[in-house]
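So the sequences go chain by chain: V and C.
If you count the first sequence from 1, position 30 lands on 30 in this note's numbering, and the numbers rise without skipping.
If you count the second sequence from 1, position 75 lands on 75 in this note's numbering, and the numbers rise without skipping.
No wet-lab data here; the hints were simulated from the structure.
It is possible that some hints are incorrect.
No copy is singled out in the list; a pair is fine if it fits within one copy or between any two copies.
Claimed, not checked - In silico DSS-like links for lysine-lysine, alpha-carbon gap of 30 Å or less: (1) Lys124 / Lys12; (2) Lys124 / Lys108; (3) Lys157 / Lys95; (4) Lys157 / Lys124; (5) Lys25 / Lys157; (6) Lys190 / Lys12; (7) Lys190 / Lys135; (8) Lys103 / Lys135; (9) Lys25 / Lys135; (10) Lys135 / Lys124; (11) Lys106 / Lys25.
Bear in mind the structure is a predicted one, so any value in this text is a computation, not a measurement.
2 protein chains.
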Amino acid sequence: MELVFATHNKNKLIEIKALLPSHIKLLSLDDIGCTEEIPETADTIDGNAILKAEYVRHRYGYDCFADDTGLEVEALAGAPGVYSARYAGDDKDPKENVKKLLKQMKGKENRNARFKTVIALNLKDNENLFTGICKGRITTEERGENGFGYDPVFQPKGHQRTFAEMDLSEKSELSHRGKAFRALISYLSK
Amino acid sequence: MELVFATHNKNKLIEIKALLPSHIKLLSLDDIGCTEEIPETADTIDGNAILKAEYVRHRYGYDCFADDTGLEVEALAGAPGVYSARYAGDDKDPKENVKKLLKQMKGKENRNARFKTVIALNLKDNENLFTGICKGRITTEERGENGFGYDPVFQPKGHQRTFAEMDLSEKSELSHRGKAFRALISYLSK
Chain V
1 MELVFATHNK NKLIEIKALL PSHIKLLSLD DIGCTEEIPE TADTIDGNAI
51 LKAEYVRHRY GYDCFADDTG LEVEALAGAP GVYSARYAGD DKDPKENVKK
101 LLKQMKGKEN RNARFKTVIA LNLKDNENLF TGICKGRITT EERGENGFGY
151 DPVFQPKGHQ RTFAEMDLSE KSELSHRGKA FRALISYLSK
Chain C
1 MELVFATHNK NKLIEIKALL PSHIKLLSLD DIGCTEEIPE TADTIDGNAI
51 LKAEYVRHRY GYDCFADDTG LEVEALAGAP GVYSARYAGD DKDPKENVKK
101 LLKQMKGKEN RNARFKTVIA LNLKDNENLF TGICKGRITT EERGENGFGY
151 DPVFQPKGHQ RTFAEMDLSE KSELSHRGKA FRALISYLSK
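Working from the sequences, and respecting the hints, build out all of it.
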């Protein structure tokens with residue numbers, strides 16, 4: 001079967017392709033002639049993943065899946081959440097986002113947060129969501145050079161290091177994204 | 001491995017037990033000495049499933065999963081949603097809920113709705129959610145005798161009959177609940 005991963009990111013595609021069973025031919029947006037950015041206008045993480053998958057389904061007619069990720073901080077009533085990538089503005093600068101988060105969290109005792117990745121799988125209008133959750137804490141300063149986004153200030157539960165202090169394989173084992181994709185892959189491999 | 005299904009409903013347990021691989025020993029709440037009703041006080045369907053699974057994890061220490069289901073109607077801004085079971089009041093009378101829904105929908109042109117089942121799986125504080133979505137329409141009157149809850153007024157997309165006019169195996173193939181549980185079972189069988 002052909003299955004579209006609603007991303008323009010070649011690295012993301014290659015990473016998932018290697019994990020899928022051989023009967024699935026994974027296509028990128030570019031492979032199906034979709035060169036535009038898909039709008040992400042929903043007000044929840046679930047909603048954005050669903051929106052992107054439905055966009056591909058309705059405009060291009062393919063079975064597909066799409067992902068969205070956000071960081072939900074307890075003391076900030078779930079912010080930045082669906083706005084994680086553009087918390088400090090529409091230029092989506094990860095450094096500015098982290099700076100804003102640390103500022104908002106200044107003096108807060110409750111540092112609890114969770115990362116959430118939602119994958120919406122759309123097979124002939126049948127929809128399943130696969131959600132991976134990673135609980136942790138927001139540190140008081142940045143630590144580590146690996147990863148991206150909020151990784152330098154997110155310390156997963158039961159660990160002393162931030163995501164940015166871990167190598168990719170260790171992070172992937174623990175992470176929201178790893179959990180969501182492993183669930184998707186189990187489902188597609190059945 | 002031992003795994004608790006956070007339900008007091010013996011039929012639900014038996015149904016899922018038959019589908020799980022043999023290395024999983026499925027336990028009910030009664031099997032672990034939990035006789036109380038677990039509070040469902042979250043304001044989202046996801047939240048209630050997570051809450052129930054965390055309750056079992058924190059009070060009893062078991063790996064577990066919990067489910068929650070709701071009907072989201074477009075013209076009612078997603079209501080009854082997390083309040084589906086008690087839409088017409090705390091006595092959770094399905095007939096009264098359906099009656100209220102039909103009343104609220106009177107004269108509405110947009111009949112689009114979706115059923116959503118969320119299963120929260122909690123394995124040593126690792127959390128995954130498995131969500132099954134079934135799109136459809138709210139009929140203008142009740143049809144059929146099978147199923148339960150809103151089944152007599154929910155007509156799944158691409159079908160002419162309501163869930164209450166289908167037999168259990170046909171409904172299970174299409175339904176939100178079937179989709180969510182098949183995803184969970186794929187994951188646990190890997």
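Open item on the list: For a quick check of understanding: which of the numbered hints are violated here, in increasing order?
Closed with: 11
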